[in-house]
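Read top to bottom, the protein sequences are chains A and B.
Under this note's numbering, the first residue of the first sequence is numbered 1052, with each subsequent residue one higher.
Under this note's numbering, the first residue of the second sequence is numbered 302, with each subsequent residue one higher.
Honestly, the hints are just simulated from the structure, not real lab data.
Some hints here could point you the wrong way.
SDA-like, lysine to any residue: derived pairs with alpha carbons at most 20 Å apart [what the hints assert, rightly or not]:
1. A:Lys1149 / B:Arg369
2. A:Lys1149 / B:Pro315
3. A:Lys1110 / A:Pro1132
Output of the computed footprint for chain B on chain A, the stretches with three or more beta carbons under 8 Å from beta carbons of chain B [as the list claims (entries may be wrong)]:
4. 1075-1084
5. 1090-1099
6. 1134-1145
7. 1148-1155
Simulated restraints on C-beta separations [as the list claims (entries may be wrong)]:
8. B:Lys380 / A:Asp1118: 43 to 53 Å
9. A:Thr1128 / B:Leu384: 41 to 51 Å
10. A:Thr1144 / B:Lys380: 42 to 52 Å
11. B:Ser318 / A:Ala1119: 43 to 53 Å
12. B:Ser385 / A:Thr1102: 36 to 46 Å
13. A:Gln1060 / B:Leu416: 28 to 38 Å
Backbone N, C-alpha and C fix where the C-beta goes; we use that ideal spot for every residue, glycine too.
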Amino acid sequence: TQLLEQSPQFLSIQEGENLTVYCNSSSVFSSLQWYRQEPGEGPVLLVTVVTGGEVKKLKRLTFQFGDARKDSSLHITAAQPGDTGLYLCAGLTSGTYKYIFGTGTRLKVLA
Amino acid sequence: SQTIHQWPATLVQPVGSPLSLECTVEGTSNPNLYWYRQAAGRGLQLLFYSVGIGQISSEVPQNLSASRPQDRQFILSSKKLLLSDSGFYLCAWSSGGRFAYNEQFFGPGTRLTVL
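Pulled out of the complex, with its shape left as it was, chain A reads as follows (with noise of 0.2 Å):
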């Protein structure tokens, strides 16, 4: 069974400081997606990676592709309350059209 492990699961932060997400498998992806979600709403598309190795950046998110396209990373550069919320990270099984999502990291940005 694939499995992508996220880490952390909880962060609570202050506005300003910087932070990283990680999203970890011992499966191979064909590509990887991170998406942010809100309460009730559907998970929104913030970028795709494709490459192995492959950094791409979104303003103040960074988000990197290990280079087995094994795992993946998402930084964030000084926080803001907007960036609240549950991110998730999902790898698109290789031969396959399965996703399979991670286990959440829920962030909160404190004022």
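Use these hints to put chain B onto chain A, whose structure you have.
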């Protein structure tokens, strides 16, 4: 542009009653369609996915079923709901094919409470 709709938004049903949740996608053709369930504040559990009309793959054995009667319509059903069926149900679509750059987009979700 593509949009995805789900209804109803919320549903409260008694144990043993039937269920029908509907999902439709606009602005694309031959999408891959997915049903997920999410426990409070947790990750998503894949229930069913479909790569074409009438083609359903089940990921979790349970009392739920799915159907795809039209290209852009995906339905989640149950004949008799259990308490454990409560949760947040999400429908998603991605472009047809297995390309790694396929991205998955979600609907607004249905909050189901079984009493």
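Provide an ascending list of the numbers of those earlier hints which the structure does not satisfy. Hint check: 2 and 10 fail, others pass.
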